[in-house]
Structures are given as structure tokens and as C-alpha cells.
Amino acid sequence: MRKLFTYIALASMMALTSCDAWLNVKPYDKMSQDELLSTESGYIKLLNGIYIELNSDMLYGAALSVEMVEIMGGAYVIGTDNSVWGNYSDLASYKYGTDYWRARLNETWNKAYSLILNCNLLLENLEKTDVAFTGDNARIIRGEALALRAMLHFDMLRLFGPVYSQNSDALAIPYYKKYSVTPNSLMTASAVAAEITRDLNEARILLANDPVRTSGTMTSAPSDGSSTFMYYRNLRLNYFAVTALLARSALYFGDMDAAYSYSTEVIQAGTDGIFPFVDKSLVIGSPDDPDRIFSSEVIFALSHSQRNKLFKGYYDPSRIPNYVFRMDNDMMSSIVFGGGASTGGHQDDYRYRVNWVATGANRYFYKYSDMVDSGNIRNTMIPMIRLGEMYLIAAESRSKDIAAGVAYVNQLRSNRGVGNLTALTRDILQYEYIRELYGEGQLFYMYKRMFTPVLFSTVASRNPAPSSAVFVLPLPSSETDN
Amino acid sequence: MRKLLFISMLVLSSLAAFAQGGQTVLSGTVIDAADGYPLIGVSVVVSGTKTGVVTDIDGKFELKAPQEKCEIVFSYVGYDDVVKLYTTKNASSFSRIVMSANAEQLADVVVTGVYERKKESFTGASATFKSDQLKAVGSSNVLQSLKTLDPSFKMMESSQFGSNPNVMPDIEIRGKTSVAGLKEEYGTDPNQPLFILDGFETTLETIMNLNMNRVASVTILKDAASTAIYGSKASNGVVVIETKAPARGRLQLSYKGDFGLSLADLTDYNLMNSREKLEFETLAGVYKDNGNDPFAQLRLDNLRNERLKEIERGVDTYWLSEPIRPGFTHKHNIYAEGGEDKIRYGIGLSVGNVGGVMKDSDRKTIEGNVDLIYRTGKFQFSNKLSINWLDVTNPTVSFAEYAHANPYYRKYNAAGGVDKYLYYPEEGVDDYPVANPLWNAHLNNWDTATGFGFTNNFIFEWFVTKDLRFRAKFGLTKQDDDEQTRLSPQHTQFDDMGETEKGLYTHTQIKELVYEGDVAVTFGKLIAKKHMLNAVGGFNFSNNHRQIYGYSATGFTDDQFDAPSFANGYPVGDSPDYNESLKRAASFYINGGYAYAERYLIDFNYRLDGASMFGTGNRFRNTWSVGTGWNVHKEPFMQDSDFFSLLKLRGSVGNPGNQNFSAYQAFSTYKFNGWMTNVFGTGVILNALGNADLAWQETTNYDLGVDMTFWGDRVNMTLDYYWKHTDPLLAVITTPGSMGVTSVAMNAGSQKTRGWEAALRVSPVYRPSEGIIWNISINATSAKSVYANIGNSFAALNESGKSSLVGTTRYYDGGSPTAIWAVRSAGIDPATGKELFIKKDGTYSFTYDVNDEVVVGDTQPKVEGLIGTSLYYKGLSVGCYLRYRYGGQVFNSSLFQKVENIGTQDVYNNQDKRALYDRWSENNRDAYFKGISLVQRTEKSSRFVMDDNSLVGESFNVGYEFPDRIARKMRIGAMNVQLTMADIFRATSVRVERGIDYPFARTVTMSLGITF
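As given, the protein sequences belong to chains S and C, one line each in that order. Everything in the first sequence is counted per my numbering, starting at 1 for the first residue and increasing by one. Everything in the second sequence is counted per my numbering, starting at 10001 for the first residue and increasing by one.
The reader is advised that the hints may include incorrect statements.
Claimed, not checked - Straight-line C-alpha distance at most 20 Å; calculated EDC-like pairs for lysine to aspartate or glutamate:
#, chain 1, residue 1, chain 2, residue 2
1, S, 178, C, 10693
2, C, 10583, S, 35
3, S, 30, C, 10580
4, C, 10583, S, 34
5, S, 26, C, 10577
Derived by calculation from the structure, the hints in this document are not laboratory data. Every value quoted in this text rests on a predicted model; they were computed, and no experiment measured them.
Go ahead and model the full structure; you've got the sequences and the hints to work with.
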């Protein structure tokens, strides 16, 4: 009898010790974190997954590139007929509180933060993993993930935060640096700015050995069929993309010196041939098939496998009688691509010649229409940050006196087929931004940063005056209720 | 029976320790009066001494008899004692001792599924019901009967699904321990008790399908002392069901049949007739053009006149009669059993069809089972195999659509056919078409499910010594279900779709494999006649693997040809479903009990549980419980009086847990971004955020109880007071979007419940020897719960509840989970017809402010229970059970949605009569409801909260057991018939539509049992 007890006791002890392993169930229909992040390729897939999700319609696949934020940036003529324009007329008059736009903003917010969560999960696991990474990959992955986290927070701050130049101490957004099941509270805009800068700086250090600095963007797959992970650097947040983001954010946060030094570093990389200005022959030499996004100048782009949707869904004149996004005719003819010396606008501008095509009485925006060479990677690119913006940042941050930056603008203009400006004013700089970054979701942030009217039209009264009602989006209700 | 035998062996074995030399040896065999088979372990004691033995495995005993005259007592649990005088000369008359079972005693054992205890020495709160008790109050299924017998066992009535035989009910024992809303999230009801069938965990559906005639007994375990042996699965209570074991003897065949008729109970519907509806529409302004366009007005006038003409022609269609039918139910069970002492066998077949009260609503079941018991020496092997098949059909048009149809439309057109639309607006008219519910019903649509599965439970027992038993169990269940639905391409749902998108076929396959193993050692010994020791220790593991496959197909062109092969393709953007969950659990448990002189009892349980659902940070959990009892009636000072045959005080405390949660909530899982790949290949992204530190939900449970039987067994009373503290709660909490997920499973706050239960049975006439008994039983239960420490965790749920038209549940500290929250209303102002609200500070206002919400009622009644009476006269029995509910409230959604809040679309549906008659107008200023308006929104206020007191005729039955002589004449062994009526009437203080998608039923069943 005693024996029996001993056996049973032994058996149950053995059972209990082996229990833990037996109880460690791995789902088959889903990937568990432990399984996924047990190899280098798991981290690479997760990182790539985050890049892919940036193409979501709620983020840079539409809302934060060509659609929502660009409407807020005054880029398009928005009609008032609801049957054609749906909810867009509300947005063009900055009615953020309608059910539709509250829901849309909520979606964008949730999506951005869900990708931030993905970054944090990746970073946290990377920190404690014992997976052996090839070469410098661990640092590259970590750097890119930090930069992604900073970039997403930065755009949420630019949307939902206060006008930084006016009120940087106002509560803005939460900054998530790690996965947590309890919510983080809102931080002031300047505190968020510090976090963004810290993350970007750390990313830049981690990416110090980024092959982009030596081998360029490498926009083709390795011929031996090996991993593409370290290729196509312009489709990743590479060293220069992070530097460019630092320039962009420093300018936004009013740190002119930093903005100047980061932007000129990237300009130097451009000059060094890593991001060369677009080849004229590709633009005006092949008028039937131009490189409309000036792909060689793009420092960081998303790769969207159906980028054509952007053109077909928003800009294609064949969409009529449905809505089509285009620039106000007067804006185009008398300011952006006209008006001569007082505006810097000229019809010879490459940006006009290749991207604006006439149908009927109007010109339509063709930046996102496919090239004939359909398999080309350029047809998938949604530019996130480009060399041209670095010239404009350098021009603006060179000195307190904006006129001092005219040389940088002229350098850019000389590569756009238009003549030199004699003097640079803030207005002309804004027009240059419109010419260079139209349809890339940056104009709203520019007006918000400079706290100037949003230029919908040549008629000043139609351009909404700067105010927090225009520039500060209400936080989603899920944020304020919980 | 086998188990009883064993216990008695344990209890009485010590008595056998003594023997004296040089005396006559009494020897013989003790046999069972019922079947002539030997009884093992019967104690044979010389009265007044400690001298005694127990019978061996063949029922034989040898007792050295004393020198002088004495009485020899044969006793055995569950059997009447046999006292035989030994005259020193009649030794030979001891060769054959016949003992007969005591039916009353049988009920006095608590079967927990892990161990058995005499009720008298058990410290837990439990209730046991035998097969005949269950059958007496109902014949549909075990759980239906259980709810009539024990008020703490509640089957929640579903206003949505009514008496749909294919919808599983929500079940609770002693109320909820988990936050509502989790069922939707997880698919499993976190408040559902644990079901144990023949010692193995099983599902609610299995119990619902189980033919009642196979059931031997059901035990409900309620408090910590009785449930803690199930550890982290036990906080919702445990229902232990034992099926009948084959009886010894020559082959015996029995047949049990149930024949039922169900009729829909539509008395709660209070719909308008055609004239009333048209008047209502007219008052509501349906026939008034808002734009004052004379042409549009002319059209509306014509429309109204046409309808009026129809009404004048006598059109007043009663749509509710269309989808319903008398539901016929029949169930048969044939069981053949027999065998001798070593081998016993039983083979059964159950066939049944439950016909619901809606057309095309059927539930067919076939179940075969084979029970085998083999016993040799100290070993026993038993195996129960059951194979089941299920075939289910559901109506494809919900009852609500008929309730919505207007009475001024005709069902059929002039040619006698069914039109697709009852009303179709002319070209260019901005109006809603009205579909004819008969159209969708007459199409070739279907909604079916079939299932096939088997369960095999094997138990090995080794009776190591008289006091020690070793048991190993292994159970395996495989269940495959297959659900298919089809909507015809002509279904109105597809009206606006292209030809290739019409029709829809869906197919879902569910495969489940469950196995469970258990090894246990049981020990029981009476030491020095006073110290009773019991102990059970064991190890248990289980594995539950479930896979769901599904897909849809679309593009059918024909109503008739419905095979999936006729589909044109898959719905655009649809992908196949695949879902898998694997849950594992492993546990070690121990139970010990000590009783001193049958008076002072103490019990303890400990269980260590590990489950795969919980994260690595919290994988294992301890459950413990302690119970004590005092059998006052056994005290020497009570011995003089035989007034009390039972007076037991007991108390227990413990912390059972709950693991009815989803399989992977503790893990973060990832998925491929299926919608896009890029030059870097594929990507993955977070799918669900896990919470590895999720703590198990745990309920600390206290119970104080008293059991009494007195006045010569005529009065039987049980009282229990309990309080439960669930801490932490586990809930899916809506989070700020910035957390990256919109909801996360978290531990948040706690819930406290206090309640009491009382059951009283009085037998004014109690002459069991003549077969005449009259019982009156009253039982009652009451409970109150409050939330604590939940803070702001449920703010999002509160907000969405406030802003939505439905939902009166709020989550605040100190609030009850069943409280109804709304703004207080002072009624309709007779002068203006506007509703006057009472603000939080008590002032009056015409403006509704959601922040003025307070508790205006509670759906939990103050007291609820059953009153019953039963009369046995010889073979005849009559029973009647009424359910009462007092002191609860209900938010009357019929008034809220079908009297007020009738919007521009709803006005085309038929409505409650009160929407016409009880509305405010200049001529009816004292009305309870606002004036008729299509645009006015009514907010949730206390005006719609009403007292919900009710009395329901839950069960009436008449039975007759044919006397032996008649049975013999008919050349059968025994025969009984019974007539049962369920839910036959319902008196209630509030008039609210019940059975929205499926009506409730009243059922009459005739049952027949024959043993050949």
C-alpha cells in the first residue's frame, strides 16, 4: 500500500513537472509571438509587415497622403454637392466633429497606434532575444523600428497636437515606448517632440552602418536570388530617411540649427549621387512615359502593390461624374505654375509638364498614374520624404531671414527646368512646397507649422485663417472616454 | 450500486476485526432481494458488541457466533437492516439472508463525480435528484426538470429565441460570477456551470441531447466544499449526472416513450388589427406629404383609400399563424440489460424528434449506448460507449418578420399565389418596398446542421484492500458537426445585387476531439468505531481540440437546384474560414474528510490546476476549501427524542475558479498581411494582443447551511446563506485606441454576491407503507450582487450603453450587474404631452440628460422560487409546480420600441395596440405615452421600467404505475404512464412581447414506460 502511494506521488510529480511544457500550447491557425520571433526572419517579416500596413487606406495608402490630410491642406477643389462629394465638403470646411469624420479620424488614430504597438512588440522582443542575427541586421531592424515608431508619433502629433509654434506646452498625444495593458496618458507637445527626437537620434546611430551610405539605394534585387532585406533601401527608413525625418521634425519643433544641419547632410548625400536629381531625359525626354514621382530623389517611399488605386480612386478624370481631386484652376495658372517672378510659378516647370495633364477645360494630377513599364518598382512607390523637401527645409532654416535661403531653392529649381528666383519670401516658399510636394500629404502640416491661411484659392477670403479649429484635430472619443 | 457497496465496505470493515475462538460458526450468503445476486461488503454484527465481519466478494460470511442468544444485525448502505435472532440452535437459517434496498437511503449519497459521500457526513451544499423525481416534473430534458426541482439552478429565459429547441439556454447556479458581454467575445458562456457525466467533463449540448430515461441521478454541487475538488472550473457550480448502470439478472428489456405536443404561446403579442394600423399610420402622418405637393398628396390619398377599401372588404390578416404549427415530439428509448455478477451489460438505443412550434424547426437525435461492467477478484473494468447522431433544421424566416407584417395586406394574390412584395412603390416614389414574409418562406431556403460523435469512457478500479481503492479513468469524445445554410437567389435580400451574386450557401464544419484521464486513490476507514477517515487524491489531465472550417458560395441562378456545385463562385473578397483552439489542463487534487462519531465533520479540498489558457506568468493556480458540519441529531442529548431524524449545521469556505475563457487570450498572435506583399516578401502583423499576466478569475465562496428532517420524516428543510466574492474579474475591456488595440482581456475589479436559499417539504399525509404520500414543497432563492473596485475600466461600455437605444446595464462600483439604469421620469405632462424628467438632484426638467441616469430597477427578483405539491396514492401520482417571481423589474422594450420610438421605417411594421390607444393627444391628456410622432425620439426613462412579478404553471403531471397483477396479465414486467404539461399558463404584471425570433411554447407530453 505504501508502495502504491509512493508510485502515485512519483507519477504525479513527474506529471506536474512535464505539465508546464505540455500546457504550453501553440496555436496552429495563428502565429504565436514566441514562435514568430524565434528566428531572424520572424523579425524581418514583422518589420516588413509594419511597412506594408503603412499602405493602409487609413494611413499613407490614402488618408495621410492623397486624401484626408491633403484636403485639409487645401490642395483640392471640393464641391458642395453631397451626392458627388459625400463627406468631403465637411472636411474642406474643417467640420471634424461629424460622425463620419470622427469615425475616420478614429480609424487613422487606431491604425497608427496599432503599428506603434507592433514596433514596440518588435523592439521589446529584440531586446531580450537570443536569436543570432546576420551581420548588422539586429541594429538595422532596431533602428528602422525606432524610426517607424517616431515617424508615426510625429504624424499623430502633427495632426492631433497643438500648433507647435503657438502652444508647445499643450497636452497633445500619448507616446508609447513599450507594450502595456494600461493606457499611457497624454503628454505635452514639447515632451512628445523630445521623445520623437530621441528615438530618431537613436535610430540614426543604429543605422550608422546602413549600406545606403556606401552602396546607395540599390533598387534592384540581388541577382543571386538571396535575401532582399538589405536592398531597396529607399523603401525602408534608411540612414538618410531618418536624417531627413530629423530635419523635418526639427523644423516643425522650431530647432532651426538642427533642421539646417540634418537637411544639408541629406542634400550632400544627394549631391554625392545617392539620391541624384531626376534625369531630365526621364522627365521631358520621354514624354509618354515620364518618371512622374522623380523616383531617384525619393529618400523614403512606401511600396504599394496597387498604387494605381490612388490615381484611379481620386485623380483620374475618367471618374467624372464622380468626384475627382484637382487643383483650383486659378491657383494653378496664376500662382503655382504661373505668375512669373512674383510667385516663382512657370509653365516650363517639369512638375507641371509631367504631372498635370489637360482633359477638357481642366488639368488633372497624374503623379500617381502608372508608368508604361508596368513591372517597374517605381509604379509602387508612394513618396514619404524626398530630396526636394530637404532643399526647402535648408532654405527655411539657413537663417532667421528667410531670404537667405534663396540659393537652396534655386538649386532645386534649376533641376526643375525653371529659372532662379531673385528673392525668397515665405509665400514663394509655400508655393514651392505646393509645387514640390503636391499630393504627398505635407501641405496641411506646412500651414499648421507656419500658422498661415490654408491656400485653397487665389481669393484670400476663401482661404481659412489659421486657428486651432482648423489645425487641431479633436482626439478620438476612445481616447478621451477611457 | 457498486459505489455504495464500496463505501459500506470502507465504513464497516473495521467491524470485522474481531473473532473469538471455539464457537459455532454462522455462515451463509447475503443476497439482494431484487435480483437474487450476492451483496458484497455487508456488515454482519452481533448486536451490542463489536464482533462482526463483512461479506466477501461472493456475498458469503462466516461469523463465530456467541454462546448465548443474541441478535445478529445485517446492515448495508442503501438497504434496510435485517435483524435476525440467533437462538444458538438456528445456525442453518443463516445460510441465506435476503436484504432489500431502501429507496429513501439511495438518495442519501452525494455523488461528486470524483468521490461519493454519505449525505449525512458531507459538509457541502448540494442537492441530489433521482431519475423518478426528474421524470415526475418533466420529460423534455434533465436540465428542464432540474430547474423545476431546485431554484438555485436557473435556465435563463431567452426573449429572443423563445422555445427554439435548437438554441442552447444560458444556465446559472447561484447567479453570475462573470461580467456580461464575454459570451459574445468568447463564444463560451463564462457563467455556465461545469457538467460532469459519469465522472467525465462534458458539454451543455450533450446534456441537452441526453435522453432522460438513461439518467439515474443528478447532483448539483453549489458551495466551495462540494465543488472545490474541481478547482479552477468550479466557481459556477457543478452538475453531476450519472447514467443508469445495467442491473444484474436475466436479460431484461425496457421501453420508455414520450409523446409530446407543443403549441405556440402568442398571448404576449398585442398587435393591431388592420383598421387600427391604418388609423395609427394616418395619425402618424404616413399619408401626409410633408412637401405639400398636391400630386404627391393625391398619390398618398389614393394609397390610403386603397388600403381602406381592402379593410372594408374584410382584410384583416393574422400573420402570426403562418409560421407556426403544432410541434410534435416523440422520443423512444429501448434498453436491454442483464448479466451475472462478473459481467453485466446494457445496450440501449434512443431515438427522438423534438418538433418546435415553428415550421421547419426540428431536432432529431439518435443515440446508441453500450455499457459493460466486468468484475473479477479485486478488479473491475467498466466501459460506457455512446454514439450519437443529430439532425437539426431551423426556419429561415424569423418570427419577427411575420410580427412586422401589416394586417391590411393579403397573404395571397388573386390567383392564390405568393407575391414577393406586399407593397412595391411606383417608379420614382421615394418609399420602402414591403416584402412578403411568405415569399422568403416559400423559397427553397434551408438552415440545417448534422452531427455525429461518440464518447467512450473507460474506468478501471482496483480494490487494493477493504479500505483502499485505486481508480484510473480515460474518456474520449469525438464530435463532428456540419452546418449548412442556403438562401435562394430569389430571396429579397439579393434584390439589389447582380445576377452572379445572388443566392448564398454557407458550410461550416466543426471537429472536436476531447480526451480526459484521471488517476485516483480513495481511502476510507473507521478507526476505533469513532474516527471516520476519508481521503481521495488524484491527478487529472484533459485536452480539448476544436477546429472550425467554413466557406461560402454565391451566384445561384435557380431556386430549385440548390447543390453547392451550382454556385457561380465565392463571394468577392471572401476567404475560407479556419479556426482552431487547443485547450489543455492538468491538475492534482486531494480531498480529505474526518468525522468524529458521526457528529463532528470536517472536510478539506485542495487542487492545483494548470491550464494552457493562462499565460506563463500565471499558469498554475491553487484551489482550496474547508467545510465543517455538526450532526446535532447524533448528539447524546438528542438521542432521547426522535423528533429530529436529521439536524445538521454546516459551513464552508473556499476559492473555486473559472476557466471558461478563450484558448489564446494570454498570447499575442500574429497574422500575415494577406492583402499585400512587396519586394521584401511577406509581412506579418499583430493579430491579437495577449495578456500573459492575466490572473485566473477566482470566487471566494462562503456558505452556511442547515439541513433538517423531523416529525417522522414528514418535514424536510434546507436553508443556506452564502456570500461570494469574485476577485479579480476577468473582462474584455475597451481601451483607448492609442494602446494599439481597441480591447484587451484584463483583470478588473471584483463582484460581491450575497444570497440565500430555502427549501421546505412537508408531508401532511405520510403513509409510505400504504403507498400514500402527500407532499407540499416550497422553495425560494434570493441574491444580490454588486461590483467593487472596477473604477473606470468599463467606461467605454457605459458610454456605449448610454448612447444606444438599448442597454440599461451599467458598470459602476457599488452597482448591481442586474440593475436597470435610466433617467427617472415623472410621466407625460398632460398640458404639453412632453415627458418630464427628474434630474439627479431631484428637480424636474423637460430636457433629457443622460448623466441623470440612476438605478430605477433591478431585473433580479427579490425572491424567486417554486411552490409545488405532489400526491401519491397507490400507483397514482399527481404533481403541480408553480414558479413565482416577486420584486424584480424589467425594462419593457415592447413599449419602448413598439409603442414609442416608432421611426419612419418602423411605422411600416405592425405595432403594439398601445401605440394607438394609450398615446397623448389633446383629447387624451392623461395618457401614459407621448403623442404619435415619427420623428420624436424617446429616451430610456423609468417610464418603461415595470414591476415584473409573475406566476408560471411550470409543470403539471399525472402518472400511474400499473399494479403488478395488471402488468402480469398483460404479460409485461411493469408499466407506467404519465402526462406532463409544461409552461401551461403564465400570469404576469407586465405585458411585454416575448419570443421575438421564435415564440414560446406550451407543451403536453404523454410518457410511457414498459419493462418486459
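**Study point:** Restraint check for residue 178 of chain S with residue 10693 of chain C, where alpha carbons must lie at most 20 Å apart
**Key:** Answer holds: residue 178 of chain S to residue 10693 of chain C is near 16 Å, not above 20 Å.
Exercise for review: Verify the proposed pairing of residue 10583 of chain C with residue 35 of chain S, using a straight-line Cα cut of 20 Å.
Suggested key: holds (18 Å)
Check your understanding: Are the Cα atoms of residue 10583 of chain C and residue 34 of chain S separated by 20 Å or less?
Key -> Cα-Cα ~18 Å, so holds.
Exercise for review: Decide if the proposed pair is consistent with the structure: residue 30 of chain S and residue 10580 of chain C, CA atoms, cutoff 20 Å inclusive.
Suggested key: Holds: residue 30 of chain S and residue 10580 of chain C sit about 9 Å apart, inside 20 Å.
Review point. Is residue 26 of chain S within 20 Å of residue 10577 of chain C, Cα to Cα?
Key: holds (19 Å)
Of the hints listed earlier, there is not a single one the structure fails to meet.
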